[in-house]
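Each residue of the sequence shown is one higher than the one before, starting from 170 at the first, in my numbering.
It should be emphasised that the hints constitute simulated quantities derived from the structure, not laboratory data.
Accuracy of the hints is not assured; some may be wrong.
[To be verified] Label pairs and their computed distance ranges (CB to CB):
(1) 371 / 212: 35 to 45 Å
(2) 308 / 211: 28 to 38 Å
(3) 209 / 252: 41 to 51 Å
(4) 259 / 216: 37 to 47 Å
(5) 259 / 316: 27 to 37 Å
(6) 428 / 244: 25 to 35 Å
(7) 457 / 309: 46 to 56 Å
(8) 252 / 403: 51 to 61 Å
(9) 421 / 259: 42 to 52 Å
(10) 431 / 308: 49 to 59 Å
(11) 433 / 413: 24 to 34 Å
(12) 211 / 251: 45 to 55 Å
(13) 374 / 226: 48 to 58 Å
Glycine included, every Cβ here is placed at the ideal spot set by N, Cα and C.
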Amino acid sequence: MAPSTAPAVAFTLLTSQTQAKGGQSGVAPAREQQRATLDLPKYLLLALTGALMLFIFLLTLWSWLLNDSLRFRQTLCRTPSEDIMCGDGANFTELAQRLGRQGENGRLYGCSCEEGILADWACAVDTDRFSISYFISTAPGTGAMAALSAWPVLGMWRYGAGTLRHLRLAHVGTMAEYDIVGATLAAFQLFYGLFLTNTLCVASTFHIVSVVLFIVALVVHYLLLAYLIGVGTAAGRLIVAACVAGVAAVSAGGLWPTGPSWLGQYAFWLGECIGLSAGFSIAPILILFKKPPAQPDEAEATA
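Please put together the full structure from these sequences, using the hints given.
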């Protein structure tokens with residue numbers, strides 16, 4: 170009986186070794202697939218944050234491209250040129266003549282409140298200067314801003330406040346401090362939504378109040394985040410630097426005197442672009458400091 174059982178034992182051992190090798194070879198692809206799945210939200214966050222920045226920094230170009238080059242203004246802009254006031258004091262009728270903005274009836278038209286794909290680029294219509302709020306005060310503009318900023322806002326929750334779970338904190342915060350981190354981010358999202366809902370040319374007072382409140386909420390959120398992470402750490406310094414740069418840019422743009430010069434018309438818009446980009450760039454930056462997830466064998470070894 171012993172000789173007859175030897176081949177069976179050898180076959181069993183060979184099969185076990187083959188299965189073990191196959192199992193080990195399957196671990197690496199599984200890990201890579203898991204890592205790729207985990208990295209996809211990061212890539213989307215980086216891509217859509219970049220797309221949002223391109224959108225706001227090139228709003229003048231998009232307005233010209235969509236309204237004039239693609240000629241959407243012919244059907245969407247129906248305000249007579251004589252009823253439009255330019256923020257820089259220019260005569261809009263003369264401007265419309267130079268741009269060839271004649272309707273089928275021979276009259277000159279421009280894009281007033283909520284007209285066009287984006288607000289008119291030719292001059293700041295019925296307001297004293299350009300701003301992000303001015304350009305996106307149309308329905309398509311508000312929708313584009315909401316769509317492009319949706320994923321970056323989600324990124325703030327995942328890689329902003331959520332980063333606290335994956336970083337070595339310099340200060341062990343109290344439950345109240347952690348609650349404030351979440352509450353200030355929730356407040357930002359609420360007031361940012363109100364900023365998009367109450368457009369500049371429809372509800373200017375509510376719009377301005379919403380802007381101020383979402384900026385305050387976001388600054389408090391990020392400064393508390395920097396404190397918990399550690400102001401002396403690389404991540405903490407980057408957060409503080411982004412906050413300071415953003416607030417300084419918006420303040421400088423807001424305080425710049427309005428007038429017919431280029432800066433008199435565009436300084437506030439440029440400051441808003443820098444400030445908003447600084448605020449939305451913090452979550453992607455914090456990805457660099459996030460610890461990678463533990464692998465199964467590493468978790469078992471730790472256990």
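(request) Taking the numbered hints from earlier one at a time, note which ones the structure violates and give those numbers from smallest to largest. (result) Result: hints 7, 9, 10 and 13 break, sorted rising.
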